[in-house]
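Visitor: What follows is the residue order along each chain.
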Amino acid sequence: MNLDNRQAADTLELISKTASQTKKSIAAKYSSPHIILWGCIAIAGYLLTYFYLSWVRVIWITLGFLGWLGMFLISSYQKRKGFPTKNSQYILLWWQPIASWTAFYAFIFISLYMFKPRSGIVINAYIILVIMLAYINLGIWNSEIFMIGLGIVISAGTLIGVYWIPVSFYCFWMALTAGGMLVTTGIYLHLKYR
Amino acid sequence: MAEFNDIIHQPVRLQIMAALMSLRSDDEKADFAYLKNLFKLTDGNLGAHLAKLEEAGYIKIEKTFIARKPRTFINTTGKGRDAFADHIAALKKIIGGKDNRRHNTGRDNK
Chain A
1 MNLDNRQAAD
11 TLELISKTAS
21 QTKKSIAAKY
31 SSPHIILWGC
41 IAIAGYLLTY
51 FYLSWVRVIW
61 ITLGFLGWLG
71 MFLISSYQKR
81 KGFPTKNSQY
91 ILLWWQPIAS
101 WTAFYAFIFI
111 SLYMFKPRSG
121 IVINAYIILV
131 IMLAYINLGI
141 WNSEIFMIGL
151 GIVISAGTLI
161 GVYWIPVSFY
171 CFWMALTAGG
181 MLVTTGIYLH
191 LKYR
Chain B
1 MAEFNDIIHQ
11 PVRLQIMAAL
21 MSLRSDDEKA
31 DFAYLKNLFK
41 LTDGNLGAHL
51 AKLEEAGYIK
61 IEKTFIARKP
71 RTFINTTGKG
81 RDAFADHIAA
91 LKKIIGGKDN
101 RRHNTGRDNK
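Sequences listed follow chains A and B, in order. Going by our numbering, the first residue of the first sequence is number 1, and it counts up by one from there. Going by our numbering, the first residue of the second sequence is number 1, and it counts up by one from there.
In case anyone wonders, no lab produced these hints; they're calculated from the structure. Note that the Cβ used here is the ideal one computed from N, Cα and C, for glycine as well. It is possible that some hints are incorrect.
Here are a few chain B residues that face chain A, going by a calculated C-beta distance under 8 angstroms [stated by the list, open to error]:
# : residue
1 : Q15
2 : S25
3 : D27
4 : A33
5 : Y34
6 : I88
Could you build all of it, start to finish, from the sequences and the hints given here?
Guide: Have a look at this one:
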């Protein structure tokens with residue numbers, strides 16, 4: 001078969017687009033249920049905090065644990081189902097989610113103990129910013145633009161909440177910004193790549 | 001040596017190979033239903049193209065049961081990865097350095 005320059009370039013372009021589309025759709029299929037889960041956790045957490053402020057620690061520790069448990073169950077289901085892909089070499093070891101959960105909370109508790117933030121809102125904002133930094137880094141390493149965007153938008157929303165939103169509306173603002181953005185992005189990705 | 005490949009060059013098969021080459025590792029396999037949705041193909045159409053690629057030894061098709069349901073997984077073979085890399089090299093040779101765009105072709109092709 002004889003191809004000219006233009007046809008060869010178009011073919012390479014098609015290969016490039018297909019590879020990129022495949023990577024994006026696989027990443028979206030795997031991550032959208034997790035993003036929706038954490039969005040629901042955030043909405044529930046902020047609304048419960050607003051109504052039961054004295055239970056704030058119990059609420060967030062319980063919801064954090066439920067979130068990690070949910071992630072583990074979703075990952076196990078995705079792996080068992082083998083959709084969209086199956087990787088026989090990748091086996092989630094039992095200690096990995098526990099180690100990851102422990103490392104995350106250890107980091108948060110140690111840094112909060114060291115820096116002693118002045119209020120509950122600042123503590124909350126700090127935790128959200130650490131999580132969003134992880135999102136942005138994951139996005140950079142995996143070339144997932146939606147993760148980077150989500151991290152930046154929620155970080156900005158959090159900072160606006162700390163500096164410009166009245167304290168009494170902070171929980172509603174964060175339920176809308178963090179929770180709402182996560183749920184919306186998760187649903188958008190799910191529908192776009194279904 | 002860079003070799004143009006008529007089997008791979010067919011547009012649907014080219015996209016199938018590009019999708020399989022973009023998986024994270026040689027060991028990862030794509031689900032049949034996922035590829036069907038990704039390229040908006042019918043079962044028969046995708047099956048025919050996969051059969052052609054399998055016949056050439058470029059892909060491996062694994063049929064299995066998950067939760068009592070039949071499932072089909074596909075991944076590339078070493079021969080398939082080499083043929084795809086050769087095909088890309090042949091395309092780049094045709095362009096002869098006149099095309100300055102960067103092409104993301106999945107995993108690094110040697």
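Visitor: Confirm or reject each hint.
Guide: Here is what the structure says about each hint:
no.	hint	verdict
1	Q15	holds, 5 angstroms
2	S25	holds, 7 angstroms
3	D27	holds, 4 angstroms
4	A33	holds, 7 angstroms
5	Y34	holds, 4 angstroms
6	I88	holds, 7 angstroms
When each numbered hint is compared with the structure, no violation occurs for any of them.
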